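Peer 1: The primary structure of each chain is shown beneath.
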Amino acid sequence: MADASSVEIRGVDKFYGSFQALSAIDLSVPPGKVTCLIGPSGSGKSTLLRCINFLEVYDSGEIRIDGRMIGYDAPGGRRMSGGALRRMRQSIGMVFQQFNLWPHMTARENVAEGLLRVRRLRRAEAMARAEAALEKVGLGDRMDNHPARLSGGQQQRVAIARAIAMEPRLMLFDEPTSALDPELVGEVLGVMKTLAGEGMTMVVVTHEMGFAAHVADRVAFMDRGELVAVDTPEAILTRPEDPRIQSFLRTFHERNSF
Amino acid sequence: MDWDVLRQYAPILLRGFGITILAWAFGTVFGMALGLVISLAQRYGARPVRWVLQAYIEVVRGTPFLVQLFVLYYGGPLVGLRLDALPAGLVGLTIYGSPYFAEIFRSGFDAVPPGQAEAARAIGMAEPAIVRRILLPLGLVSALPALVNFSIILTKETVILSVITVPELMYQVQRMSTETFRYLEANLVLALFFWGLVELISRGGRRLETRITRHLLERPGHG
Ligand SMILES: Nc1ncnc2c1ncn2[C@@H]1O[C@H](COP(=O)(O)OP(=O)(O)OP(=O)(O)O)[C@@H](O)[C@H]1O
Ligand SMILES: [Mg+2]
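Protein sequence lines correspond, in order, to chains Y and R.
With the UniProt record's numbering applied, the first sequence corresponds to residues 1 to 258, in that order.
With the UniProt record's numbering applied, the second sequence corresponds to residues 1 to 223, in that order.
The shape of chain R in the complex, shown without the other chains:
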């Protein structure tokens, strides 16, 4: 172990990790938001809308993230879409994650028993209120474990942003490797950082799950 090299590269590695976290958070939040919109539009939209969205889901899920990034970053300017590396990476992650999030939300909504919405319809509640007050909260609860799981998968997709020169952790680790030939140290840092991040997310996810399902579980003997 060469601690001096590590100390020397610590600032750029940390900055890289910061950008990794930013990319993950951005991709998760906006990918989820886009996925939610897609899943709702698929549920309530007109047939042509549903058809277009299904095509979008198939295309994005059916192509590697690397290819999507290349198309966005290098192909974008051909149609007048000129993005810097980081914005291109953030947009790319959002698009990449959206169909998976959409499918997770769809199955979350499907898991809500139809009687829940029926009871609301029977007292004269309008559909938007039913979505907001019944379908969303209950669908979210059943979707939560899968949402957390996919956001963990997204952490690891952020390393692909390095190929379009986004200076995230992978990019800096590669830079350190080629400049110092300290491959072992550099990749150990990479592994440790990711392990820490994933651990943090899954713990946070479990906590959130316990919190929001607190009232939903039957507790025999407390009736």
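This is chain Y alone, in the form it adopts within the complex:
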């Protein structure tokens, strides 16, 4: 990927009423690298991920994509205009746990929608690009299916195709395999691995420790709204120093062994 984005998060706080969901988060995501966010349920992983494309409003600090602040026109400043925010979002792809495919459109139409309504491509070109994106995720033979006629793994691959068709420079994944039957997890992780191999900048919230260990360049551990540690997968997953990480991994291994 010639022009992958970098993400720079500095001092980000996020409140829901009086509850602090994110506390002074600092995180750098270098271009072309894969960063996995792990941590217990409710620790703020999704909240942080959703702040990166401003689906969730952060209250203070700054998040910069390629040096450009998202959501506000300056630190502590006014909200950025809707148009400017939409332009930034065009180059940030997002994949959700529940796929969020549009059920009234076929796979091809799902992928083409953004090309038509956001990129304003001509119909023929949008369709051609949509088909290419679907081919890439291995769904060349499923383009005319509506989501209800696709398996969970296929739906999630359509969702990935929908994101990459926009030619993003950054991809955000929020537990992309958590809603899938175990036998369908591999096909989605496979597509993600390919993307990572092409040099896409990726931030991935996941419980797939195998993926974090083998694909991530960095693993960040969150607990109660704080970013406890960021390091290599090896350092976080095999010899963690922080007792919170140790106990998280212990319960995690207990749950996943038999």
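One or more of the hints may lead you astray.
[As the list claims (entries may be wrong)] A short, non-exhaustive set of chain Y residues, derived as facing chain R with CB atoms under 7 Å: (1) Gln-20; (2) Ser-23; (3) Asn-53; (4) Met-94; (5) Met-166.
[Unchecked claim] Residues of chain Y clear of chain R, computed beta-carbon distances all greater than 10 Å: (6) Arg-89; (7) Glu-226; (8) Leu-249.
Source of the hints: derived by calculation from the structure; they are not laboratory data.
In this text, all values refer to a predicted model and were calculated from it rather than measured experimentally.
By construction, the Cβ of each residue, glycine as well, lies at the ideal position given by its N, Cα and C atoms.
Assemble chain R with the ligands onto chain Y, guided by the hints.
Peer 2: Here is chain R with the ligands on its own, set in the frame of chain Y:
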């Protein structure tokens, strides 16, 4: 049964039925359109707009249709709004139905999972496109049964137009009754016509529902 009287009154009864259908169709189409506009304005409008519309909904829902019609037909001229009986009836039905339709659309939109709009927002889609391409089609699907149901209720509200002398079916049935004293025959015609109309609408509604939900339902085993 007096078939001769029925035969004699058939033309005006049919004409009355025609006007009943016209009033129902007009009230449904324009009431729905107005209701849709209201529900969208309530969703996206500024606070004062939402407040005014909420007041409108409360007032129209809180008063009997008969009273609304009287106010429009007999009270209208006092403020310079002079409508003939039929136009007054059509406008009245539209106004009467609009808050119910608005509420049906609102709950239809609420039934669309937030993730649907979020996915569109995440690729940079603008809000009007999200409404047009995602919220409307999906909201309509969940609202459809209630829309059909309320349009069936509206068929029966059309009889109230007779009190402001709109010559719809009820009006003609009453005329036939008082002129011939054939109450049984006249009201049997009324019942049959309405039963037929309601049956037709609910069948049409079910067909439409099957058609537009065809792609939305999971079919296990076809994955
Ligand atoms: N809209 C909201 N209103 C109030 N509290 C919220 C809201 N969204 C999230 N929270 C709270 O913020 C905290 C962080 O939530 P978040 O969804 O980011 O956790 P997570 O790490 O993604 O958890 P999980 O692994 O279960 O997905 C939780 O305590 C949650 O209850
Ligand atoms: Mg989460």
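Peer 1: Now tell me, hint by hint, if it's right for this structure.
Peer 2: Hints and how they fare:
no. : hint    : verdict
1   : Gln-20  : violated, 23 Å
2   : Ser-23  : violated, 25 Å
3   : Asn-53  : holds, 6 Å
4   : Met-94  : holds, 4 Å
5   : Met-166 : holds, 6 Å
6   : Arg-89  : violated, 4 Å
7   : Glu-226 : holds, 26 Å
8   : Leu-249 : holds, 30 Å
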